[in-house]
Amino acid sequence: MIDKLDSSLRFHQEALNLRARRQEVLSANIANADTPNFKARDIDFSSSLTQAVERGRQSQSMAMANTSSRHLTGQAHAAGGELMYRTPSQSSIDGNTVEMDVERVNFADNALRYEVNLTVLGSKIKSLLSAVQQ
Amino acid sequence: MPFSNNSMGIFEIAGSAMTAQSQRMNVTASNLANADSVEGPDGQPYRARQVVFEVASPGRLAIGGVRVAGVIEDPSPMRMMHDPKNPLANAEGYVAMPNVNVVEEMVNMISASRSYQANVEVLNTAKTLMLKTLTIGQ
Chain A
38 MIDKLDSSLR FHQEALNLRA RRQEVLSANI ANADTPNFKA RDIDFSSSLT
88 QAVERGRQSQ SMAMANTSSR HLTGQAHAAG GELMYRTPSQ SSIDGNTVEM
138 DVERVNFADN ALRYEVNLTV LGSKIKSLLS AVQQ
Chain B
722 MPFSNNSMGI FEIAGSAMTA QSQRMNVTAS NLANADSVEG PDGQPYRARQ
772 VVFEVASPGR LAIGGVRVAG VIEDPSPMRM MHDPKNPLAN AEGYVAMPNV
822 NVVEEMVNMI SASRSYQANV EVLNTAKTLM LKTLTIGQ
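Just so you know, the protein sequences line up as chains A and B, in that order. Position 65 (the first sequence) corresponds to 102 in this note's numbering; numbering is contiguous. Position 114 (the second sequence) corresponds to 835 in this note's numbering; numbering is contiguous.
So that you can see chain B by itself, here it is in the shape it has in the complex (with noise of 0.2 Å):
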């Protein structure tokens, strides 16, 4: 099968892709759990993460797989929240929650799993074409 001789193969590439796009649902799912984690270890409030993504390629060719680059951590305010009555709430009454978009979080979710699919949809594909070349001549 002449997939990939120096270059990553197509089964590499899709499989890049879905360790990517699984971190990013995890993320996602430690942000949504965390929407309202007021207190962390750190004794500040949960700060909103986000995955950046990079192209995998070996040297400089062109084509390549993702990869993680790293996760950062959203630096965006935190949202104020009337609550006077919480212990952690400060002299005018007010608590910091976390920055969890929670709308954002879930578009984000919706948008990785779809990555996922088409890549599961790739492997498949690659799958079949590699076993009817293994079948020529036949």
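Just chain A, with the same shape it has in the complex (with noise of 0.2 Å):
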């Protein structure tokens, strides 16, 4: 039972924090923008979360690797969402590729989408509330 209502919740999971994930690297290109030589990053969040959701997350993290039965195990989970570089359109002199403007632009899609999926998943769990007080 729970684990059926997991499943069914459980793509706007990935979804939500693959958004919160992106939210986080174009943050950090925003501070960065006057930082010499930072190079700005973003994740192919379709491919990431096609990824996330069809082999799960497991596929995404590191294993401690074991050579004796004593070893304790461990588990790191990635926070998703391979890391790539920007092309810049205009290069500066100091080998910064943040552009302001596209940051800008990709950090405000990015939040509305993070809001568009919230909203989807709380209508979700609503109507599975409902469905369970029937």
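What the hints contain is simulated information worked out from the structure, not anything from laboratory work. Glycine included, C-beta positions come from ideal geometry on N, C-alpha and C. Any given hint could turn out to be false.
Said to hold, decoys possible - Going by beta-carbon spacing under 8 Å, a handful of chain B positions derived as facing chain A:
(1) ILE731
(2) ILE734
(3) ALA735
(4) GLU775
(5) VAL776
(6) PRO796
(7) PRO808
(8) ASN840
(9) LEU852
(10) LYS853
(11) ILE857
Claimed, not checked - Calculated cross-link-like contacts (lysine-lysine; reagent style DSSO-like; alpha-carbon spacing at most 30 Å):
(12) A:LYS161 <-> B:LYS806
(13) A:LYS163 <-> B:LYS853
(14) A:LYS161 <-> B:LYS853
(15) A:LYS41 <-> A:LYS161
(16) B:LYS806 <-> A:LYS163
(17) B:LYS848 <-> A:LYS76
(18) A:LYS41 <-> B:LYS853
(19) A:LYS163 <-> A:LYS41
Both chains come to you apart, so use the hints to assemble them.
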């Protein structure tokens, strides 16, 4: 029962996770707009989401290598999304590839989509809840 | 809220950028204020200072905030002004004035304040999103 609930919400969970991650990356770009030699980064949202949904987040996590049975096991979850470099349309002389307008547009867009995701998730929870209460 | 489990969260990133930009503005203020300070505590004319930014990423993570790597003194030569009446004038009647470029400092100040504003906006957006996330399913 619980796992059915979980699986119906999992897509939105992964999408929200990735949106939050992307928001963080974009905010780092904006923060480093004046840092020499900083290269702007971004994640490919759709391919990261496909990967997270199809193969699960396990595919992005790193497990500790055990060479003895007495070793502890450990797993580090990657926050998801492979970071890529942005190609600047106008390069600056200090090696910084942050273009403030591009970053701001992406930031606003990502924030809006995050809210859309929240709204959809909220209504989904509501509909599940009403199904439970019938 | 899934914001940041291992790397810096948005609040820390934008906050560090705001700290760095305000330090840059501080240095600019010092430069502008001392644009005519012929003699400092060391007996030399004031030298313009500039901040150097670097990425403050924990470990080798790709993203992170900003850190001020250091404040350097501008190595460019002093501005020589002809003023024979000045007690600090040399034999030819020139006084070494600070190497502060006022126009450059003004541009620096505007740039710093714009970057600061951008980060405030980032912070506000992140705050709104977090508050919305808290009310999920209600």
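Evaluation of the provided hints:
no. : hint                  : result
1   : ILE731                : 5 Å, holds
2   : ILE734                : 5 Å, holds
3   : ALA735                : 6 Å, holds
4   : GLU775                : 6 Å, holds
5   : VAL776                : 6 Å, holds
6   : PRO796                : 17 Å, violated
7   : PRO808                : 41 Å, violated
8   : ASN840                : 6 Å, holds
9   : LEU852                : 11 Å, violated
10  : LYS853                : 5 Å, holds
11  : ILE857                : 6 Å, holds
12  : A:LYS161 <-> B:LYS806 : 82 Å, violated
13  : A:LYS163 <-> B:LYS853 : 16 Å, holds
14  : A:LYS161 <-> B:LYS853 : 16 Å, holds
15  : A:LYS41 <-> A:LYS161  : 13 Å, holds
16  : B:LYS806 <-> A:LYS163 : 83 Å, violated
17  : B:LYS848 <-> A:LYS76  : 26 Å, holds
18  : A:LYS41 <-> B:LYS853  : 25 Å, holds
19  : A:LYS163 <-> A:LYS41  : 16 Å, holds
Consistency note: the structure conflicts with the earlier hints numbered 6, 7, 9, 12, 16.
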